[in-house]
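Letter by letter, the sequence shown follows residues 1 to 390 in UniProt numbering.
Please keep in mind that the hints were generated in silico from the structure rather than gathered at the bench.
Every clue listed holds true.
Cut-off 16 Å, straight-line C-alpha distance, at most; resulting in silico cross-link-like pairs (EDC-like, lysine to aspartate or glutamate): (1) 236 to 174; (2) 14 to 40; (3) 203 to 181; (4) 127 to 49.
Ranges between beta-carbon positions, derived for each pair: (5) 197 to 32: 34 to 40 Å; (6) 49 to 174: 17 to 23 Å; (7) 70 to 298: 42 to 48 Å; (8) 83 to 242: 20 to 26 Å.
Heads up, the beta-carbon is just placed ideally off N, CA and C, and yes, glycines get one too.
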Amino acid sequence: QICELGKCNNLCVKCGGILSAPSGNISSPNFPSLYPYNTDCSWLIVVAEGSSVLLTFHYFDLEYHANCAYDYIKIYNGISEDEGNLLGTFCGDISPPQFTSSWNVMSIIFHSDRHVAYRGFSVGYRKDMCGGVLTGLSGVISSPGYPQEYSNNADCSWAIHVSNTSVVTLAFLDFQLENNEGCNFDFVALFDGPTVTHRHLGKYCGADKPPNIVTTSNQLLVVFKSDFNIGGRGFKAYYYSGECQQVLSAVSGNFSSPHFPSVYPNNINCHWSITLAAGYRIKLFFPVMDMEDRNSLSDECDYDSVAVYDGDSQTDTLLGRWCGREHPPSLISKANKLLVVLSTDRNEAHRGFSASYLGGKCSVCGHPIQFQNKRKSHLQSTGMLNLLIL
Numbered sequence: 001q002i003c004e005l006g007k008c009n010n011l012c013v014k015c016g017g018i019l020s021a022p023s024g025n026i027s028s029p030n031f032p033s034l035y036p037y038n039t040d041c042s043w044l045i046v047v048a049e050g051s052s053v054l055l056t057f058h059y060f061d062l063e064y065h066a067n068c069a070y071d072y073i074k075i076y077n078g079i080s081e082d083e084g085n086l087l088g089t090f091c092g093d094i095s096p097p098q099f100t101s102s103w104n105v106m107s108i109i110f111h112s113d114r115h116v117a118y119r120g121f122s123v124g125y126r127k128d129m130c131g132g133v134l135t136g137l138s139g140v141i142s143s144p145g146y147p148q149e150y151s152n153n154a155d156c157s158w159a160i161h162v163s164n165t166s167v168v169t170l171a172f173l174d175f176q177l178e179n180n181e182g183c184n185f186d187f188v189a190l191f192d193g194p195t196v197t198h199r200h201l202g203k204y205c206g207a208d209k210p211p212n213i214v215t216t217s218n219q220l221l222v223v224f225k226s227d228f229n230i231g232g233r234g235f236k237a238y239y240y241s242g243e244c245q246q247v248l249s250a251v252s253g254n255f256s257s258p259h260f261p262s263v264y265p266n267n268i269n270c271h272w273s274i275t276l277a278a279g280y281r282i283k284l285f286f287p288v289m290d291m292e293d294r295n296s297l298s299d300e301c302d303y304d305s306v307a308v309y310d311g312d313s314q315t316d317t318l319l320g321r322w323c324g325r326e327h328p329p330s331l332i333s334k335a336n337k338l339l340v341v342l343s344t345d346r347n348e349a350h351r352g353f354s355a356s357y358l359g360g361k362c363s364v365c366g367h368p369i370q371f372q373n374k375r376k377s378h379l380q381s382t383g384m385l386n387l388l389i390l
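Taking the hints into account, I'd like the entire structure generated from these sequences.
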C-alpha cells in the first residue's frame, strides 16, 4: 500500500501536501520525536503570483552520509519533478541555509531509509514580496510590481550568496526611479558583502542604468528603498556567479553549460564573453547541443536557448538563437568579441551544450578565411580575410 501523502512500512504516515497559505511550518513525521523508517514525503508550497517563497530552517537532524544517500531533504526552486530545479540535498545535523525561490513555487522532499532514525527537521516558510536570500548560479531581482510603478515606502533587501570560489556580477537591464541629487528619496544601494556595514559599492536613482558591479567576495547585498510619494517603473537586474559568467581571453578554448553533461539548472541566465586582442576574429563551434525543444505554437526558442551576439553586449547583432538538439553552424565574428548567453526557464532541463572557439589574425586580405591549427590542418569558410590560428 502506498499512501496518498506518505508511506512507512506499508502504513500511512501523515506528511506532505500542498500549502497555499502566505506562511506556515513544515516538520518531519512525529517531530520532535524520531521520524519513521522508509518514509517519503513531498510538500509543494504555492504562494500568490508575483511573490517568492522564503524558507528558513529552525531545526535539522537527519542521519548523516557523505553523499546524503540514506536520509535526506531535497529543496527545489519550483516543482520537484524537474531536477533542473534542485537547489540542494541535505542531511546530517547542519541546518540548510535560507532559500528564496525565484518565483511563487517551492518544493521539499523528505526521504528516510530502513535503518537509523533521528529527530528530523522543522522549517518555516513565508511569502516574500521583495528581497530574500538568493543562492543560485544566477538569478533575477526586480522592484515590487515591476514593470508597473513600485509601491511607496518599500524596503527590500536581497542577499546574494554564491559558492566560496566565485564572485558576484550584477547587471541592470532596466532602471527608472525617482531622481534627486544625493539619491535620498528612492534609491538602490549596493554593498560588497552580506550587510550594510560592508564596503559601499554605489547608490543609484533616476533613469540612468548603473554600471555593471563586480564584488570582491562571494556575497552582495542589494537594498531598494522608496519614500512616501513619486515613484517610477523601478528596476530589473540579473546577477551571475563566476560559474555562470566567464570572460575568455585565450586564443582558443572550451566552455559548457553549468553541470554539463548532467542537466543544467532552471531559471539561469549565463554569459560567456570571448574577448581577444584587437585584430583577432573568432570562430565558434557547438559540438553538443541538447536543450528544451522549441515552442510548438510559435516555432521559436521561447523556453531554454543559447544565443550568440557579435560583440560583448546583447544589444549587438544577434548571430542566432538555438534550442532543442539543433546543430548551429560554425560562427565567425566580425571583430575580436563574441557573447554567448544561456537562458533557461522554470521547467524542463536537459544536458545543455559544449562549445569550442578559435581565434585568428588577419594576414592577407582578399582571400577566403582560413583557420590553421598547430597541426597545420585547415578549416575553410567564406569571407574576406585569411586568419591564422597561433
